[in-house]
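Student: What follows is the residue order along each chain.
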Amino acid sequence: MKIRRRKIKIVDPKIIEFIGDQYLDEPSIQLFIYDKNEYIELKDLTVDDIIEFENPDKVYWLNIHGIHDVGIIQNICQKMNIHKLVIQDILDTTQRPKLQEFDDYLFFSVKSILPESSDELETEQISFILGKNYVISFQEKKADHFEHIRQRIREYKGISRERSSEFLLYLLLESIVDNYEETIVSMEGQINKILKLYEDSNPGFTAIHKIEYFKEELFQIKISITPLKESISLLEEGISDFIDEKHEKYFFDIKDHCLYLIDSINSLVQKLESGENFYFSYQGHRMNQVMKTLTVVATIFIPLTFVAGIYGMNFEYIPELTWKWGYFAFWGLIVILFAGMVVYFKMNKWF
Amino acid sequence: MKIRRRKIKIVDPKIIEFIGDQYLDEPSIQLFIYDKNEYIELKDLTVDDIIEFENPDKVYWLNIHGIHDVGIIQNICQKMNIHKLVIQDILDTTQRPKLQEFDDYLFFSVKSILPESSDELETEQISFILGKNYVISFQEKKADHFEHIRQRIREYKGISRERSSEFLLYLLLESIVDNYEETIVSMEGQINKILKLYEDSNPGFTAIHKIEYFKEELFQIKISITPLKESISLLEEGISDFIDEKHEKYFFDIKDHCLYLIDSINSLVQKLESGENFYFSYQGHRMNQVMKTLTVVATIFIPLTFVAGIYGMNFEYIPELTWKWGYFAFWGLIVILFAGMVVYFKMNKWF
Amino acid sequence: MKIRRRKIKIVDPKIIEFIGDQYLDEPSIQLFIYDKNEYIELKDLTVDDIIEFENPDKVYWLNIHGIHDVGIIQNICQKMNIHKLVIQDILDTTQRPKLQEFDDYLFFSVKSILPESSDELETEQISFILGKNYVISFQEKKADHFEHIRQRIREYKGISRERSSEFLLYLLLESIVDNYEETIVSMEGQINKILKLYEDSNPGFTAIHKIEYFKEELFQIKISITPLKESISLLEEGISDFIDEKHEKYFFDIKDHCLYLIDSINSLVQKLESGENFYFSYQGHRMNQVMKTLTVVATIFIPLTFVAGIYGMNFEYIPELTWKWGYFAFWGLIVILFAGMVVYFKMNKWF
Amino acid sequence: MKIRRRKIKIVDPKIIEFIGDQYLDEPSIQLFIYDKNEYIELKDLTVDDIIEFENPDKVYWLNIHGIHDVGIIQNICQKMNIHKLVIQDILDTTQRPKLQEFDDYLFFSVKSILPESSDELETEQISFILGKNYVISFQEKKADHFEHIRQRIREYKGISRERSSEFLLYLLLESIVDNYEETIVSMEGQINKILKLYEDSNPGFTAIHKIEYFKEELFQIKISITPLKESISLLEEGISDFIDEKHEKYFFDIKDHCLYLIDSINSLVQKLESGENFYFSYQGHRMNQVMKTLTVVATIFIPLTFVAGIYGMNFEYIPELTWKWGYFAFWGLIVILFAGMVVYFKMNKWF
Amino acid sequence: MKIRRRKIKIVDPKIIEFIGDQYLDEPSIQLFIYDKNEYIELKDLTVDDIIEFENPDKVYWLNIHGIHDVGIIQNICQKMNIHKLVIQDILDTTQRPKLQEFDDYLFFSVKSILPESSDELETEQISFILGKNYVISFQEKKADHFEHIRQRIREYKGISRERSSEFLLYLLLESIVDNYEETIVSMEGQINKILKLYEDSNPGFTAIHKIEYFKEELFQIKISITPLKESISLLEEGISDFIDEKHEKYFFDIKDHCLYLIDSINSLVQKLESGENFYFSYQGHRMNQVMKTLTVVATIFIPLTFVAGIYGMNFEYIPELTWKWGYFAFWGLIVILFAGMVVYFKMNKWF
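Protein chains in written order, with the numbering used here: chain Z, 6 to 356; chain R, 6 to 356; chain B, 6 to 356; chain V, 6 to 356; chain G, 6 to 356.
Careful, some of the hints might be misleading.
[Unchecked claim] The calculated SDA-like cross-link candidates involving lysine to any residue, where the alpha carbons are at most 25 Å apart (straight line), are:
hint: 1; chain 1: Z; residue 1: K234; chain 2: V; residue 2: W355
hint: 2; chain 1: V; residue 1: K84; chain 2: G; residue 2: K251
hint: 3; chain 1: Z; residue 1: K215; chain 2: V; residue 2: W355
hint: 4; chain 1: Z; residue 1: K254; chain 2: R; residue 2: F219
hint: 5; chain 1: Z; residue 1: K227; chain 2: V; residue 2: N271
hint: 6; chain 1: Z; residue 1: K89; chain 2: V; residue 2: Y255
hint: 7; chain 1: Z; residue 1: K201; chain 2: R; residue 2: S238
hint: 8; chain 1: V; residue 1: K234; chain 2: G; residue 2: L239
hint: 9; chain 1: V; residue 1: K201; chain 2: Z; residue 2: G25
hint: 10; chain 1: Z; residue 1: K215; chain 2: G; residue 2: N282
hint: 11; chain 1: B; residue 1: K84; chain 2: B; residue 2: G136
hint: 12; chain 1: Z; residue 1: K254; chain 2: R; residue 2: S238
hint: 13; chain 1: G; residue 1: K297; chain 2: B; residue 2: Y349
hint: 14; chain 1: V; residue 1: K198; chain 2: Z; residue 2: K234
hint: 15; chain 1: V; residue 1: K234; chain 2: G; residue 2: N282
hint: 16; chain 1: Z; residue 1: K227; chain 2: Z; residue 2: D268
hint: 17; chain 1: R; residue 1: K89; chain 2: Z; residue 2: R157
Note that these hints are calculated values from the structure, not bench results.
Using the sequences plus the hints, can you model the full thing?
Tutor: Quick look at the structure:
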């Protein structure tokens, strides 16, 4: 997960501009209108097709994929009387997640993870505007986080549709937090596999790489979840009139979910650090073993070689050489020295 | 202790579903009704047997073992007018412990440890609903945490029964915290045994494993106790009308108990880290000793071997070889070199 | 200091029970009654001897040594209308230090250290009940923390006696904090001695043990002082009506004293960690020296030995062997190689 | 970045004095006056040229480069009735960034980074005074941070000029934060390059230097940004009457930007520490490899050399030497020993 | 800096006593009386000479050097109606710095550093009593921190004298903070010199000592500055009526100064830890180099020596020995082995 792509915004902040990478050729716009009894689903709209959200008894959910087209985003937002700073926030994918309340709407921006992503974590900025009877969601990439929610609205008439726009926002946010959870659960699996390897065989040198990699990823996820949790805590302090009391419990549930994920991340980091400690202790242990082997062999044979060297000397007069049993006496000496050193090492628990 | 088993909840949060592992074939339901004078104990009830808790002067304690049967839980809760989010929380065993107040009842969910568990820590989610004159407790597993409380109600008429449902909840919570304490005390024993090993003989390489294992377990317990402590702190700030002032002191006692356990955990972790520091310092010390042995032996004998090698050479003219006392002069040289090096090493405190 | 001795309290919390070790055969009870003008001292009382504290102009100080006799403690407390939870707290020597205010009295429990204790830190729980005109103190062990205060009351009429019971409580608490200070000062001396050893000679391998031992002890002391400081901070927030404004400054003085001790502990821990850092760096340095010695000797003599080996070979035709000055040429080669390697090592600052 | 240049200010704080290094020969003063319709730009003013900011409908932006000339700064400030402490703060380039509100103006001082700076980070203190209809900015060095803002005022009539002086201050602050961002982004690039090197080839020993260097730089940047963030948080708490509600959102945007940068710095530091961990683990791994090579070679050949030494001895009677196939038997023994040890090492996974 | 000298205060806290070391033979007392127009300076006063501070339009500054004479301090304080606890605080040089407000005066005690001190940091406790029109300062040692302030009062009539006693207190406190700054700046110089050594040549083993020494000193300074900062923060919360609003900004300036110093200390500690990291990495690197040298030499020459050993054997029949070119073939083999191993090591980047 590479979170830092922000372009240097030394230009006028009043000039609205897209900051990020373009992932889609064309933005696509969908509108979903529903109440308890029926729903209308409109796809591939253009900006001009967007009707006003005039019926207070219906929930309007406008979803935009692709935010690189400044003109479209600006048009939509101006229709809704959205503040210029918010438009800019929507367009800047390097923003820190945040919550801001305005007179007519609440602005919420979060980072989402795509759990299907293979190797590197892929994040996406998703922004929400919550009005009295509408939610507008802006997604950076094609991947659809919300199809199952759409499916639900279509199918279960009496359930997801009974409530107002806040409940829809809750469903959307919860689905993003679920993505985090899925990712963390999948990382937990991979981490456990790596740490398992540690315990069974000797840990490869590159394992430390993987551990550090996961620590970084978890750190990044924590950086993304924490502001989300903080934003919802702001709601808890009652700063917003947009979430009525009946729905607050749902949002607090998301906060609890975030806290649970942060606990899980801390727990995984703890595990990874245990793995590292183990690795370093293993390295030290291994080194000790290697050195002991060398020391035992060298300490035994270097003196013996010296003894052999002595009787290889060519002095004219070396009395031992002419002894009848000299060679066997030599072997006796060698055996005694050898045995003595083995006993010494055994006694000192060297092997 | 494996705390993360949460299934990916990308389904509609409004659809109530059990999240966890099933430990029991059948849920079992018991009802205990008591006042100062008498008690009635009903076992193996079905949902339909559950009567209304209509007598305000009695305390009703409904206990359910096994929460995998969504239908039963839902039936019971709907009878009591419990909020759907709470039902969902009861059924989701991956929840973070929490406290939530509603108009008619207080919802409390905690993690409990089974202290009898042999090797791996086993946790269980236990949820409570505290009403005016009743407590409903939901236990995930068969193991009964509360038999001694039941026993008490049966036996001591004047003591546990004199008070209302809050006091029953206090007894139930305190008994869960006691389980934590028992577990920590038992871990302390094991930890002390491991650390004792360290001090007496040389620590085996796998000891670091055990240390890291205990650090992780303690971390998990801390993660479970901390939200419980926070929940009771919320009570302290007076957010609840369900705990009257007279009983608050009891709940604060539980908080003090939690704080004491957290202190104990920190203290144990500190000890384990001391053990690790000691292990690493021991490893380094051991290495130093091994290397010193090697160095002393090699440094003494390698030069001596060289000297022996010289007089093993076959040059036609090596004057020393023909000296009468050449061989003994050689030995003299060897002894001098040997003694010199031994003295040198002694002076430098190598052994 | 072993702080964790708590028995598993799975029994009914309403059944009052002693939790701890018994240090005394018999509890002993003393009563001290004084005002500005006179004092009465009563020793070895029985529970029945305890009179009512009816004179509002006198200060009654009831001190109990030995709290293992539940009956006695319960009798005394019931006479004073002390809450059951408090009685339980007094009897449970594993409690975390705490402050609790009741309608008629203030309950304060602290941990005290016996500074005279030789090797292992010995702690003791001391509980206080502060009423309008009385203080009751419960000490676990025989060791008397308060004799000097008693002495003072006897001697200086106009000083300690002029004030009310709060001032007596202040004296008692301050004397406990002074015990902590004495202990820390004595530990500082021992720590400085150990760290001195480090700087002068080479640190023994067991020094790390002592360092870790002191770190643990200091951690335990911090755990004991911190709740005391917190309790007095609660007083500062004005939660108590028992300490009148005139005396608050005295209690804040105790808090400042605690803060000073915590600063001192942090400072000592910092020192000990410096010592550890030094030890590990010394270990590494030592290893480097050992390895350098080995490497220098081996690197010089192994090639020389090889050269000697060559001229020890028995090839029929080795021209050098028959040279007239072959042996001396060999020595020349050896000297050149030797000198070259010494120069090389010198240049690379190996010794 | 060297932040500590403060001279010892033991002189009277009432005596105004420049504290810092002089970077410019002459201070230069520019004045920019604009409203929605027109702008006037005055360069190279002297103090006497500065007119009063009397037209409430215009925004006056007075910018001073070079603050070493105490007389000039003092003259300007006294014209505006600026408090002596503020003048002193402007002149002391070693100040911690701060915000102070006065009756007629708001004083803001920040540290700015010059992103173009090649090797060492170069910081500069920039102070602002925000009045009803004016902003005065004091820059220490020649480098102009604000040319693009001036350019904007000249060009886009309807945009930057429509608002009052607060908006100008926002633009100036945002541009300073952008400098931080540019610097951090550029450091990220360099850090990634270093860490890349780690992963591909073996990390050079000096890499640890670079890592530590970057950790220090990031720490310095954090120290500079944090007080800026804190100052704006003070605005959020509504302490100031100078920022009207309409513009507060802009300032909060700067705070969010700072938080984002702090997140980024933490994330980079995390990465660098990963790099260090990797380096140390690599070092250990490398050592293990080196030692294994040595041990394998020495363990194989030292015993073999001993065997060869034996048959190089000159005992008169060594039976093996006269065997017909003695030499070949010797080779057989060597091969067996060699193969045995290789198999042994293979089995123990030494290579 | 040795901060812990506190004697065990188990005596009656009501008995006033000097706690500390005596640095002066005789206390010396000076009185300075000034207003806008004139000043009177009185030296070497006795207690009886001290007049009452009766003129509300003048500022009285009473300074006492040497606080070991309890009688004198007590006399002075009683004249001013100072609380007994304050007298005790003045006399106890082991106090933690603190601020306490009383009805008629404000008590401020701080630790001061003597920057001229050569090797070990020397601290001194300085206490202040701020009344309506007077400041009393108590200095422990002879060294005069305040001569330059006295000088200022004498010289600049219109500046330091125009204000009331608060302004004098500000000058005195600021001068103490300046001492800290001077000390830190001087330490920075020494630290940079040590760390420079690290980068250029190989760090000596004792460098770690110096680093740890500086870390400890900085920690001690932080412990001394922090309570000073906290005290002034209390003023900021408006708890005092003694500092009027006009002067508050001056005191906040001191707080900013303290914050700046704490930032600087943190930054230096960071640097020192970088130095340590570098040292340990250098140690590891050095070890790697040493081991590589040994391994390369041993790995090359041990097998070669073995080969030479073979042809030194005395088997009756070793065919190679009788070959005509045997010796030269041997050399060929040696060269090939040697070259092979060198190539192998080169390929593996061993040197």
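Student: So, for every hint listed, does it hold in this structure?
Tutor: Quick rundown of the hints versus the structure:
A distance of roughly 50 Å separates the Cα atoms of K234/Z and W355/V; the hinted pair therefore is violated under the 25 Å criterion. With a CA separation close to 21 Å, the supplied pair K84/V and K251/G stays within the 25 Å bound. Between K215/Z and W355/V the CA atoms are separated by roughly 23 Å; this keeps the pair inside 25 Å, and the hint holds. At most 25 Å may separate the alpha-carbon atoms for a hinted pair to count; K254/Z and F219/R exceed this at roughly 37 Å.
A hinted pair counts as satisfied when its Cα atoms are at most 25 Å apart, and K227/Z with N271/V qualifies at roughly 12 Å. Restraint check for K89/Z and Y255/V: the C-alpha separation of about 10 Å stays at or below 25 Å, so the hint holds. As the CA atoms of K201/Z and S238/R are separated by approximately 39 Å, the hinted pair breaks the 25 Å bound. The hinted pair formed by K234/V and L239/G meets the criterion: a straight-line CA distance of about 22 Å does not exceed 25 Å.
Taking the CA atoms of K201/V and G25/Z, the gap is near 24 Å; set against the 25 Å cutoff, the hint holds. Taking the CA atoms of K215/Z and N282/G, the gap is near 23 Å; set against the 25 Å cutoff, the hint holds. Between K84/B and G136/B the alpha-carbon distance is near 13 Å, which keeps this suggested pair within the 25 Å criterion. A C-alpha spacing of about 19 Å is found between K254/Z and S238/R, which places the hinted pair at or below 25 Å, so the restraint holds.
With a CA separation close to 15 Å, the supplied pair K297/G and Y349/B stays within the 25 Å bound. Taking the CA atoms of K198/V and K234/Z, the gap is near 34 Å; set against the 25 Å cutoff, the hint is violated. For the hint linking K234/V to N282/G, the alpha-carbon distance of about 31 Å lies beyond 25 Å, and the restraint is violated. Between K227/Z and D268/Z, the direct Cα distance comes to roughly 10 Å. Compliance with the 25 Å bound is thereby established for this hinted pair.
Proximity of K89/R to R157/Z is assessed by CA-CA distance (about 18 Å); at most 25 Å being required, the pair is judged to hold.
The earlier numbered hints that this structure contradicts are 1, 4, 7, 14 and 15.
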